[in-house]
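There are 2 protein chains.
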Amino acid sequence: MRVALTGCGFWSRFQIAGWREIGVPVVAVHSRNPERVRATAERFGIDRAYTDLNRMVADGGFDVLDVCSDVPGHLPAVLLAAQAGLPVICQKPLSDKPEEVARMAEACRSAGIWWAVHENWRFQRPFRVMRGWIDGGEIGAVYRVRLTFLQSFPVFDNQPQLKEAERFILSDLGTHLLDTARYLGGEVDRLFCLAARVRPDVRGEDSASVLLRFESGAHGYLEMTYA
Amino acid sequence: MRVALTGCGFWSRFQIAGWREIGVPVVAVHSRNPERVRATAERFGIDRAYTDLNRMVADGGFDVLDVCSDVPGHLPAVLLAAQAGLPVICQKPLSDKPEEVARMAEACRSAGIWWAVHENWRFQRPFRVMRGWIDGGEIGAVYRVRLTFLQSFPVFDNQPQLKEAERFILSDLGTHLLDTARYLGGEVDRLFCLAARVRPDVRGEDSASVLLRFESGAHGYLEMTYA
Numbered sequence: 001m002r003v004a005l006t007g008c009g010f011w012s013r014f015q016i017a018g019w020r021e022i023g024v025p026v027v028a029v030h031s032r033n034p035e036r037v038r039a040t041a042e043r044f045g046i047d048r049a050y051t052d053l054n055r056m057v058a059d060g061g062f063d064v065l066d067v068c069s070d071v072p073g074h075l076p077a078v079l080l081a082a083q084a085g086l087p088v089i090c091q092k093p094l095s096d097k098p099e100e101v102a103r104m105a106e107a108c109r110s111a112g113i114w115w116a117v118h119e120n121w122r123f124q125r126p127f128r129v130m131r132g133w134i135d136g137g138e139i140g141a142v143y144r145v146r147l148t149f150l151q152s153f154p155v156f157d158n159q160p161q162l163k164e165a166e167r168f169i170l171s172d173l174g175t176h177l178l179d180t181a182r183y184l185g186g187e188v189d190r191l192f193c194l195a196a197r198v199r200p201d202v203r204g205e206d207s208a209s210v211l212l213r214f215e216s217g218a219h220g221y222l223e224m225t226y227a
Numbered sequence: 001m002r003v004a005l006t007g008c009g010f011w012s013r014f015q016i017a018g019w020r021e022i023g024v025p026v027v028a029v030h031s032r033n034p035e036r037v038r039a040t041a042e043r044f045g046i047d048r049a050y051t052d053l054n055r056m057v058a059d060g061g062f063d064v065l066d067v068c069s070d071v072p073g074h075l076p077a078v079l080l081a082a083q084a085g086l087p088v089i090c091q092k093p094l095s096d097k098p099e100e101v102a103r104m105a106e107a108c109r110s111a112g113i114w115w116a117v118h119e120n121w122r123f124q125r126p127f128r129v130m131r132g133w134i135d136g137g138e139i140g141a142v143y144r145v146r147l148t149f150l151q152s153f154p155v156f157d158n159q160p161q162l163k164e165a166e167r168f169i170l171s172d173l174g175t176h177l178l179d180t181a182r183y184l185g186g187e188v189d190r191l192f193c194l195a196a197r198v199r200p201d202v203r204g205e206d207s208a209s210v211l212l213r214f215e216s217g218a219h220g221y222l223e224m225t226y227a
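Taken in sequence, the protein lines are chains A and B.
Note that the first sequence ends on residue 227 in my numbering; no numbers are left out.
Note that the second sequence ends on residue 227 in my numbering; no numbers are left out.
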């Protein structure tokens, strides 16, 4: 199997390193930014560097497209992969518009291609161990799931674009916490969310509190901040 | 100052001990239950024991009525005190019906009497210290208040009536947590609440999760269980 990757920002280096770790070569990279794609290709010894995504896909020679671009880049890249019949894996959040996610899903379904999302949190060992305790009945019936992620890590140093995001922490961290909550507690039937902007120098919300009711009747609470 | 007390259940002994601690004698006690009022009067060396509340109030000889009865007893006792022009202090929760609380408030206001509630949590030292930190600007702007009270203390051993309460933990513990949240975070403009019954042998909810937004924009989360 060979992979091509679009988007050469902060996370691309972890994606490329990840593919290598499991013995899958990344044979082509794309970014609209010529310097960035050149630097990434050089760093990882990748021969083919593109600034035109259509061209990379048309040239082919790989089996999966890894979409590691910013959020607005997800929809066109996934639709292009579907059109080319190319299996695709995409960075989270897939989109900030549910209708765009539905379009991606429909395109991939129609094309009969495999489509996945980079959602890694639920696979982290502590969460898998907890899920094992639940499945094994070791902790009895779960009636509350609480996940807190409270920190002031300088995310903006590595990902300055997050300062400008209209939807910030719910998209950046909330996606992970919501997915992990579903992994541990099952599907959700009610959700209440409060968002707040605490730092004065960010555009979107940097603090959020989410109350959930799972279909099981259990309660969930997710708390997050970068403030 | 002299006090009369109505309601000789679990909490009355702490009320009577509390009055004594500040040098205020409890001169009369009332309970509908003859054995209970006799036991309480004996234990604390109180001369006057009544099973008829109207009678106790008519006999007089005290300056404050301390209402320590179960919740349904609060409204008639407070109205009786107002009618007699007698200052009154009442156990929490005042009522499970907002309109009953409004009636008590109106009766006491019209009678021009002092009316208070037994709400002790906000006066506990840790909360007063926290309030001091907030007032002194020592911890900066508060943007989240989280209060959790998770335990399996056998409350039913001392207060078996709680097992039958239609509204259980929100009334028993929630009142304290909500008052403390207001003390620390200020007034609330939005509230979402989830309640659940976890133990099969109680009538009301024994677990609850409350999400708040304070007028300041800060978020609040209250979590409680006896399950």
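Bear in mind the hints are in silico, worked out from the structure with no lab data behind them.
The structure presented is a predicted model; accordingly, all values stated were derived computationally and were not measured.
Keep in mind that a hint or two might mislead.
Each pair of labels, with its calculated beta carbon distance range [unchecked claim]:
1) L150(A) with P72(B): 50 to 56 Å
2) M1(B) with L150(A): 36 to 42 Å
3) W133(B) with K97(A): 40 to 46 Å
4) Q151(A) with P25(B): 21 to 27 Å
5) E166(A) with V129(B): 20 to 26 Å
6) F192(A) with L150(B): 19 to 25 Å
7) E21(B) with R203(A): 52 to 58 Å
8) T175(A) with E187(B): 43 to 49 Å
All C-beta atoms, glycine included, are put in the ideal place defined by N, C-alpha and C.
Results of checking the hints against the structure:
1. A hinted range of 50 to 56 Å for the beta carbons of L150(A) and P72(B) is inconsistent with their spacing of about 43 Å.
2. With their beta carbons about 48 Å apart, M1(B) and L150(A) fall outside the hinted range of 36 to 42 Å.
3. Separated by about 43 Å at the C-beta atoms, W133(B) and K97(A) satisfy the suggested range of 40 to 46 Å.
4. A C-beta distance of roughly 56 Å is found between Q151(A) and P25(B), which places it outside the suggested range of 21 to 27 Å.
5. A hinted range of 20 to 26 Å for the beta carbons of E166(A) and V129(B) is inconsistent with their spacing of about 39 Å.
6. Range check, F192(A) to L150(B): Cβ separation about 20 Å, and the 19 to 25 Å hint holds.
7. Between E21(B) and R203(A), the C-beta spacing of about 56 Å keeps the proposed range 52 to 58 Å intact.
8. A hinted range of 43 to 49 Å is violated for the C-beta pair T175(A) and E187(B), which are about 33 Å apart.
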